[in-house]
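Below, each chain spelled out in residue letters.
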Amino acid sequence: MSKLVYLVPLFPLLGFLINGLFRKSLSKGLIGVIGSGAILASFIVSLVLFFDVKSAGAALPVEPLFTFINTASFKIDFAFQVDQLSSLFLLIITGVGFLIHLYSTAYMHEETEAHFGRYFAYLNLFVFSMLLLVLGANYVIMFIGWEGVGLCSYLLIGYWFKNSEYNYAATKAFVMNRIGDLGFLLAIFWLLSKLGAVSFVEVFTHLDKLTPGDITAITVLLFVGAMGKSAQIPLYTWLPDAMAGPTPVSALIHAATMVTAGIYMVARSNALYSLSEVAQHLVTIIGLATALFSATIALRQNDIKKVLAYSTVSQLGYMFIGLGVGAYTGAVFHVMTHAFFKALLFLGAGSVIHAMHHEQDIRKMGGLRKYLPTTHWTFLAGCIAIAGIPPLSGFFSKDEILAAAYAKNPVYWGLGVAGAALTAFYMFRLYATTFLGNFRGTHEQEHHLHESPAAMTWPLIILAVLSIIAGFVGVPEVLGGGHMLRSFLAPVLVTEHHPEIEHSTEYMLMGVSVALAAIAIIIAINKFSKKPQLEEPAGFGKVLADKWYVDELYDAIIVKPLNAFAGFLKNVVEKSGIDGIVNGVGRFVQYSARQLRLLQSGQVGSYILFMVLSMVVFFLVYWNQAMITHFFQKIF
Amino acid sequence: MPIQYYIAFAATLFCIGVVGVLTRRNAIIVFMCIELMLNAVNLLLVAFSKMHHAAALAGGGKNVTTGVEGQLFVFFIMVVAAAEVSVGLAIIVMMYRNVHSVDVNFLNRLKN
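These protein sequence lines map, in sequence, to chains R and B. Here the first sequence is numbered in my numbering, starting from 1467 and rising by one per residue. Here the second sequence is numbered in my numbering, starting from 14 and rising by one per residue.
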């Protein structure tokens, strides 16, 4: 039974190989079937595994595939671990992944066969890497997947590689991820040097061998990795730029799965994090800052995908708040619901962009409700879910995090609720500007507006249904639910912190957050459905629209000095220094050869002269050997 | 007479020969200078031979040779030099017939 696990990543890998190698000879239909079919097969196997884990109530026994690294002091197996946490992630990745693959078959249909094949090959490779990341039984295998998803993210952001701006965005994402990866890698080395083991089971059973300082260092370094991958301050600026990729890629990689890898990693290491106050505070504060900061930026963005991107950064911040205050279930729950509604929103945005012929500026949309009814209703469901209106899924997961934050410190809760109200506001600003009011595009665009094909609307409908009902797996006790998800995940998230809050307080907290969200929604709809923000922002609005000038700041303090330093190395050190030495050696040899050549004059007399002279020198040396040796000894 | 006198004399002769070869362009004179160097060597050979023989006799050794080994070498060299002179002079004569000059620098057409 345990061998079944290996099928899960095998299918996407096969899909990647077939689509990648034969992309020029396969037809588009076949590429789509292979790409989506591979993920569907993985999903079915994942379902089987999930129910196995559920009935067993423990991790499935999995034999290591082979020994990955074997040295005298440690041994690392290429092993998988299927427990409650990873099986849940398997379902999210393959389930949402399949829907997005299906959607892509229609969305990417304008591409030529070879590029279509390349797209699906990358997408399959991504899913393979992501599965490796969540299945790995130790930090090293996780790191392989971690790097793999980073690579695929790079490849897919720069999918339209003829546009140099997109390539720049791809490079930016890759470089920022590398900064985080360095932290992750250092944490792995630290663990290896202190424990000699990296597998989760071994590390978490030998925590007593680590000093508090070690644990703090390891957790903070791991969190640096999570910051890069999950786009937290200060490494978040790559995610909005990553919207250069095709929209389904944004949905899969930059909303539903890859960016949640950091949350998975921290949740997986919860035993470590719960031992370090410092790391927990750091995670909470970074999460909170990111959640609020990016929410304010999202208020004034006019690109439909940019709003969603900043919203993703903000929601990831919420997940980290959950992790920081010890509500690991809440964070994982939010990963799940967020995967549904954010994938839904991105795919809905993709449907709009498709209908508008690649127009992404919401100021040129409006009134799309009439033309795109399915997209409209599903998008609305996503917006309500993310805004946190009961009984949609976002409410339950966000509220669990906020309740835990309140138990830790009411200030966290206050800021979190403020962020939630901002979320509701900017999401409904987006909704109202896009779908309500009158159409503001050109006449030609209006003529071509059409609902997307079934391959695009069905994933939307399924995700909308999931966004609406997914919350019911985690209904808190206070609302009469048993919180199935918490009891399911309890064996893995052993250090889960259960806040003790009075029921009346909890009702009040929910009431306040829902009321604030509802008020924000009403204001946003009233404000933007009739009179959208078409004018260029001024004053503080301009600061928000320009993203607090963080990109410019990074450019000024990091990119420019680095470029200048690289220029110095290139122009001065390399050109005059190293090149000078290399060319100088060549020139010296050439010059001396030219001079020495003159000795071969063809005059017999001169040859004899040299012969005589050298004999004279020889005799002098021979007779004065002792003197010359003495002379050299003086010098050296 | 001490051997140093012979050595100094032979060295002087040899140097005169070398300088002559290096500085003169007339093939005949160059040739004569070569002979001069050869004879400087001959002189040394004879001198050293005589010196070693005298030393051996003074030491009262048993198997003392007759002391003519150096002179034998000299005769060999003289015979070879005579043969060489005949060939060399023949070459110089041929050279004169062809280019009407005995200047050695004139014959550098094989250069390059």
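Because the hints were derived from the structure by calculation, they are not lab data. A quick note: this is a predicted structure, and the numbers were derived from the prediction, not measured. Note that beta-carbon positions come from the ideal geometry of N, C-alpha and C, so glycine has one too. Among these hints, one or two may not hold up.
[What the hints assert, rightly or not] Sample of chain B residues at the chain R side, in silico, Cβ under 10 Å: (1) Val34; (2) Leu35; (3) Thr36; (4) Lys75; (5) Val115; (6) Val117; (7) Asn118.
Each hint tested on the structure:
1. Val34: holds (6 Å)
2. Leu35: Holds: closest Cβ of chain R sits about 6 Å from Leu35 (chain B), inside 10 Å.
3. Thr36: Because about 8 Å separates Thr36 (chain B) from the closest Cβ in chain R, which is inside the 10 Å limit, the hint holds.
4. Lys75: violated (35 Å)
5. Val115: violated (15 Å)
6. Val117: Since chain R brings a Cβ to about 7 Å from Val117 (chain B), closer than 10 Å, the hint holds.
7. Asn118: holds (7 Å)
The structure is inconsistent with the numbered hints 4, 5, although it conforms to all the rest.
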